[in-house]
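Colleague: These are the residues of each chain, in order.
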Amino acid sequence: MSKSKSTLVSAVRRTVVGAGLLASAIGLSSGLGAGPALADDDWPNRPITMIVPWGAGGGTDTVARTLAAAMEQNLGQPVNVVNRTGGSGLIGHNAMASAKPDGYTIGTINVDLSQLVCKGLTDLSADKFTHIALLNAEAAAVSVGGESEFDSLEAALDAIRNEPAGTYTASGTGTGGIYHLAWAGLLVEAGIDPAKVAWVPSQGGGPSLKDVAAGAVTFVTPPLSTALPLVKAGKVKPLATMGAERFEKLPDVPTVKEAVGVDWTSQTWRMIGAPAGLSDDLRDKLVEAVRAAYDSETFTDFMNERGFSKTWMGPEEARAFHASEDTAICEVMKAAGLQ
Amino acid sequence: MENLLAAIDLVFRLDILLVILGACVFGIFAGAIPGISATVAVALLVPITFFMEPVAALAAIATAVAMAIFAGDLPGALLRIPGTPASAAYAEEAHEMTRKGQGANALTIALFCSVLGGVVGTLALSFSAPLLAEFSLEFQYYEYFWLACIGLSTAALVSATNPVKGLVSLSIGLLLAMVGLDLISGAPRFTFGTFELMEGIHFIPVMIGVFAVAEVMRNLIHPPRGAEADTREQPVDYRAVGRTVWRYRNNVARGSLIGTLVGALPGAGSDIASWVSFGVAKRFSRTPEKFGTGHPEGIVAASASNNAATCSTWIPSIVFGIPGDSVTAIVIGVLFLKGLEPGPTVFVENAPLVYSIFVAFLIANLFLIPVGYVAIKLAKQLLRVPRDVLMPIILVFTMVGAYAINNSMMGIATALAAGILSFFMQENDYPVAPLILGMVIGVLLEENFMQAMIAQRGDLTAFFGRPIAAVLGTVTILIWLAPIAAYIARRRKAPADPKEARAGSGAGPSAR
Chain B
1 MSKSKSTLVS AVRRTVVGAG LLASAIGLSS GLGAGPALAD DDWPNRPITM
51 IVPWGAGGGT DTVARTLAAA MEQNLGQPVN VVNRTGGSGL IGHNAMASAK
101 PDGYTIGTIN VDLSQLVCKG LTDLSADKFT HIALLNAEAA AVSVGGESEF
151 DSLEAALDAI RNEPAGTYTA SGTGTGGIYH LAWAGLLVEA GIDPAKVAWV
201 PSQGGGPSLK DVAAGAVTFV TPPLSTALPL VKAGKVKPLA TMGAERFEKL
251 PDVPTVKEAV GVDWTSQTWR MIGAPAGLSD DLRDKLVEAV RAAYDSETFT
301 DFMNERGFSK TWMGPEEARA FHASEDTAIC EVMKAAGLQ
Chain R
340 MENLLAAIDL VFRLDILLVI LGACVFGIFA GAIPGISATV AVALLVPITF
390 FMEPVAALAA IATAVAMAIF AGDLPGALLR IPGTPASAAY AEEAHEMTRK
440 GQGANALTIA LFCSVLGGVV GTLALSFSAP LLAEFSLEFQ YYEYFWLACI
490 GLSTAALVSA TNPVKGLVSL SIGLLLAMVG LDLISGAPRF TFGTFELMEG
540 IHFIPVMIGV FAVAEVMRNL IHPPRGAEAD TREQPVDYRA VGRTVWRYRN
590 NVARGSLIGT LVGALPGAGS DIASWVSFGV AKRFSRTPEK FGTGHPEGIV
640 AASASNNAAT CSTWIPSIVF GIPGDSVTAI VIGVLFLKGL EPGPTVFVEN
690 APLVYSIFVA FLIANLFLIP VGYVAIKLAK QLLRVPRDVL MPIILVFTMV
740 GAYAINNSMM GIATALAAGI LSFFMQENDY PVAPLILGMV IGVLLEENFM
790 QAMIAQRGDL TAFFGRPIAA VLGTVTILIW LAPIAAYIAR RRKAPADPKE
840 ARAGSGAGPS AR
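The listed protein sequences derive, respectively, from chains B and R. The first sequence begins at 1 in this note's numbering and counts up one residue at a time. The second sequence begins at 340 in this note's numbering and counts up one residue at a time.
Bound conformation, chain B alone (with noise of 0.2 Å):
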């Protein structure tokens, strides 16, 4: 297992090179016909390159697109989505991180790179960018199926503590995958060893839902804006969100706090993020436009119909979020075992 770690961790090396290489070809490429770059007054004179980590079509893709298209027509610049995906989102993460800091290279930043840090695949913390903005959070939370014999959180967390080790199972993603970790911290936090529940690896959210309605697992931890649909149909029962506040499609529904009286929440997020070293001047218009695009009937309209949450913090505030995400996330994987 050490052996098979240490040349993962070689092959990210390796590649942590190509990719640099790489991102310099697309800040390159971006640069030409641009002739010297000029002051910052005239920013954008060029099309601006959005990196998203992930495939297009995915959640984050979209998600992305939809902005640049509402913030394109604010600067009237194009704004090119290009994703480089690969390497659990190290790649595209790293192909902006080190692109040029010069306003024409944003991207996205997930939660999932956190994981990574602490893994040790990868020195991309916080620090490693300038901020832009936090677009949207999405908290997990604890569903179980329809016919479930469990209609609330303490009952279920009290029949996992009594119970033996492997009565119960839970899904949501693949092992150590960011809904992996909001239960296991759920369980450490409420005093209970993680290992009595037995985590059955998927896809994602979606198929993790598919099989809870089923019956074939007991517990998943999507969020409820995942869940949304077959909650609806009553194929899915949620217990509780991991959220600060409840989510407001489902009011009904309480935080882990009101439900249990355990301070647990865990949430994924996207953020808009730039190269470190961005000069104050062009990180406050990219703010700007930003914070247009977020505002914009477009965007709103989209977060809506996919059932996206929309959720601001500025730069500094989102800076503050993402190195605290750093350090908590980190916690949980060592207190979990799955670092």
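Bear in mind the hints are in silico, worked out from the structure with no lab data behind them. Built from N, CA and C at the ideal position, the CB exists for glycine as well. Nothing false has been slipped in among the hints.
To give an idea of the chain B side of the interface with chain R (calculated C-beta under 10 Å), a few residues:
#1 G55
#2 G174
#3 L230
Guided by the hints, dock chain R onto chain B, whose structure is given.
Modeller: This is chain R only, laid out in the frame that chain B set:
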């Protein structure tokens, strides 16, 4: 009903209808060119669908496939080279009709039967898929595991001419599916220390390579030669066509039904449906001796059948995420790209979109009448497009598509490597469809097996522990036993009737 109305709202928009019309023309053109099968047509279409919204993308694919499957009959009748493998069963027959001066009649019969079969298949899809989905909401890892097994077994053992070669092809697909980070443990497998392989081998460049690149290579190395196209103008006698279709109405019904059922099986699609229907039509015919002499009966059954299967093969794809054939394997890839997880819950989460696929199929089958009519009129011109112009264009398209999937050269390298592999496989009569299905279904198979084992703490009896799982498991084992049974039956029969044994393996070219 509400979903259906919402779907109609989604589809009956000018831009979507224009996309469907464009896909019609593209599908006819692609299907009419021998070698550009419906699968290659979809492979070429995929990069364009990146830029479309989900409804448009799926409507374009559904339409192009329906058109291509019919258009495959055109060169089949005129040149005796089937344009798509689904037309192979009756290309000989249609060509005989052309030699009798009834080519246009043969094609018009095929057109009408294609439309009828397509409508039956669409209705079957529209009514059964939601019911099946509701039913299969209860399915757990065990049922999915067996469904994946059935899909793989059908693809390798039943659909392929030679089960051994089918299994070899399938194994290559399964091997490719294993590359990348293992879902369960996160351990890298077969990545050889490279970062690019950690996410696994992307299925779409492989598929583009296997079908389109290999086809370009084959065309360069073996320029296809068919019978000389008949240059005489052959008028259509609509009354004769109408009489023929009416006389063989039972065959239309039977062909449509067989097509729908075969299509609904995971791992089997329109190619096989067409062979089976042709065989059944012959067996039940009052005049089986006329088959092979330019007799329309088999054409009626098989052309209805392949279009019916084209629609119904979406049933297992949408409901279980288990593709029926290589086209729907690609469709599943597109669904994921569009952020839609196929599976029974798609009917709860995204019902209008699924229904809009049904509506698109219906529209496509209705568009088939005028577009098919024009295509028959222009068939000879369609067949005259020079290959040395066409093939480079196709190659450029494939490379752009392979690059666009990830904006990386890795995609191009994958497509080229897959193309070369596929070329050598096909040169040696290895079917490539099991490879593609192996790649898509293999992931599901492994995932559900591992999930079941984790949830059950290693208890293998769980796979027979639920009634539906037990039934599906038994079906799987029967499919495994089928080649052995067939072998024994052949051994017994062989000395008495060698001809029968040969006919049994007649599905040969369909495996391509």
